[in-house]
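As they're listed, the protein sequences go chains A and B.
Start counting the first sequence at 58; every next residue gets the next number (our numbering).
Start counting the second sequence at 58; every next residue gets the next number (our numbering).
A few of these clues could be false.
Since the list gives no way to pick out one identical chain from another, each pair is judged satisfied if it fits inside one copy or across any two copies.
The calculated lysine-lysine pairs, modelled on DSS-like cross-linking and capped at a C-alpha distance of 27 Å, are [said to hold, decoys possible]:
#: 1; residue 1: K129; residue 2: K148
#: 2; residue 1: K375; residue 2: K328
#: 3; residue 1: K61; residue 2: K375
#: 4; residue 1: K72; residue 2: K316
#: 5; residue 1: K316; residue 2: K375
#: 6; residue 1: K339; residue 2: K328
#: 7; residue 1: K129; residue 2: K258
#: 8; residue 1: K127; residue 2: K364
#: 9; residue 1: K61; residue 2: K251
#: 10; residue 1: K258; residue 2: K161
#: 11; residue 1: K334; residue 2: K375
#: 12; residue 1: K61; residue 2: K250
#: 13; residue 1: K364; residue 2: K339
It is worth saying that the hints were derived from the structure and are not from the lab.
Remember, it's a predicted structure, so these values are computed and weren't measured experimentally.
There are 2 protein chains.
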Amino acid sequence: MSRKGNLMTVRQDIKVVDATIRDGGLCNNFEFTDEFVRELYNTNIRCGVDYMEFGYKASKNLFNENEFGKWKFCNEEDLRSIVGDNDSPMKIAVMADVGRCDFKTDFLPKSESVIDLVRVACYIHQIPAALEMIEHFHSLGYETSCNIMAISQASDAQIDSALEMLGNSNVDVVYLVDSYGYFYPESAAELAKKYVEFGEKYNKLIGFHAHNNQNLAFANTIETMSYGVSFLDATVSGMGRGAGNCQMELLLGFLRNPKYSLYALFTFIEKYMLPLKAQGVKWGFDIQYMITGQLNQHPREAIAFTKDGRTDYCNFYKNISDNE
Amino acid sequence: MSRKGNLMTVRQDIKVVDATIRDGGLCNNFEFTDEFVRELYNTNIRCGVDYMEFGYKASKNLFNENEFGKWKFCNEEDLRSIVGDNDSPMKIAVMADVGRCDFKTDFLPKSESVIDLVRVACYIHQIPAALEMIEHFHSLGYETSCNIMAISQASDAQIDSALEMLGNSNVDVVYLVDSYGYFYPESAAELAKKYVEFGEKYNKLIGFHAHNNQNLAFANTIETMSYGVSFLDATVSGMGRGAGNCQMELLLGFLRNPKYSLYALFTFIEKYMLPLKAQGVKWGFDIQYMITGQLNQHPREAIAFTKDGRTDYCNFYKNISDNE
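Generate coordinates for the entire structure from the input sequences, incorporating the hints supplied.
Below, the structure is given as structure tokens:
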């Protein structure tokens with residue numbers, strides 16, 4: 058499979074998805090001010106971003122609303138307090154986790170909601186549950202994606218089977234999610250080619266969601282894009298769980314479509330992201346995340362190490378590489 | 058041209074070059090303590106690093122020795138105070154800048170020096186001057202490299218001509234240097250293929266030196282490597298001018314040759330790099346460096362912006378993109 062387009066051309070299928078509130082919310086318990094979210098919404102529109110993900114639609118039976126910021130739940134009235142009727146070209150997305158979402162009761166019909174896209178996140182063994190949710194959301198009138206997480210731990214046979222099932226569903230977009238920041242551009246591209254071939258066969262679009270454990274989130278995003286991935290996730294300043302995500306500022310600076318522009322983002326970073334960092338909200342590349350990425354492991358122990366303010370990287374490595 | 062080897066195999070031609078003192082010295086005026094340099098030397102040996110670059114051989118007529126740390130000059134006795142006779146498998150490198158080095162007087166014959174490799178740094182219009190230096194160092198018995206800087210601003214015709222001249226010289230290694238951090242993996246790979254084809258024709262090895270303006274230093278290093286680049290520059294924690302370089306910890310974690318190991322480096326980072334950062338020595342990815350990288354410009358204005366503690370990225374962008 059050859060690359061689609063080149064470094065000088067515009068790919069009209071590209072959609073940039075801002076996941077700052079959703080993935081970044083994992084760093085600050087979703088406690089963004091309304092001003093932050095409203096300014097990010099306005100900035101994204103000015104920058105030409107195609108989708109903005111506002112957070113999760115998490116189950117209120119499983120999670121206590123008093124213990125999280127509101128973007129873990131994305132109530133319709135909270136969304137509307139920011140976007141009104143969203144009279145803009147940018148679409149609104151939320152994420153629904155398999156097994157952590159009351160999907161049958163918590164979603165309005167699309168005609169009554171400002172949400173455009175519901176992104177269903179699952180592990181590969183949860184595809185049947187994801188499909189049930191996808192068909193439900195599709196019947197309500199939403200665009201849907203299936204974001205298969207931790208794909209670096211799935212076997213080729215599992216992936217083939219999952220794609221086959223998704224091919225026969227009403228899902229619109231299938232995401233390759235490098236949850237552990239394990240892939241190199243070369244290996245991410247190999248997997249992307251498989252997804253894109255599947256997408257061409259079943260008329261599905263493909264997305265990529267990166268983590269920056271090995272400082273490769275942006276590199277992997279543009280490498281998979283070059284082989285036909287269309288939906289590109291990014292977050293402002295790379296804000297996201299652990300080592301964070303592909304930085305929006307790098308991605309928008311790379312894309313050649315003149316609909317995308319950067320300078321509104323510079324002002325947002327100065328006014329809103331630097332204060333977050335100064336307040337002690339932590340994310341981004343660090344040695345402990347590199348280690349879990351290189352070992353293809355979940356970053357939860359690296360997140361705990363970071364939270365404890367530890368820097369004894371060598372001990373961390375010893376413990377985490379001990380498989381006894 | 059196809060890739061050499063794959064993500065599972067060992068490439069015996071690979072040489073890892075630690076440039077921390079030399080490129081990192083640009084961040085702290087070369088004022089490293091002897092303890093820092095000695096521990097880095099020991100760490101590099103434990104990690105399997107192939108070459109350690111100690112600094113510049115700068116002209117003492119052009120630069121005042123009292124105004125810089127000693128690694129700007131790399132006197133033989135200063136090198137020997139760290140490495141003795143360098144009874145180790147690791148080789149010692151220094152850099153000599155065209156037009157900023159008294160090369161005829163400041164180098165001993167190789168038989169009297171612990172230096173193994175002299176890296177001649179030049180811009181593409183300085184190739185004739187570089188060749189004069191290379192032949193001199195070669196006649197003294199040193200290995201030599203030619204590090205052609207700012208290659209993203211050179212034309213294809215200039216590069217072809219430079220490579221032809223170098224092909225007919227006694228130089229051992231020719232470096233592709235992305236001084237401005239401008240390249241994407243796809244474009245770096247295209248240029249690397251040209252260099253590797255040249256190297257195969259003239260029996261020269263090829264090197265790559267990255268800058269991290271777009272968070273692509275590591276990605277570009279492994280991408281160019283996959284097409285046959287052998288000499289890979291990296292620095293601990295990416296310490297280097299402006300946005301810094303390819304991180305040694307990422308590179309050693311990537312290479313599959315069991316001669317390379319990481320854990321001594323983890324301890325060095327904790328004990329020596331974190332204190333440097335805490336003392337206020339600055340390097341690494343930031344928006345101002347991303348902007349100069351995207352615009353293919355020298356980072357000097359971004360370095361001044363950083364030094365002044367500024368964060369008004371939007372003004373910086375306005376000024377630097379103003380070509381009137």
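Report the numbers of all earlier hints that the structure fails to satisfy, in ascending order.
Violated: hints 3, 7, 10.
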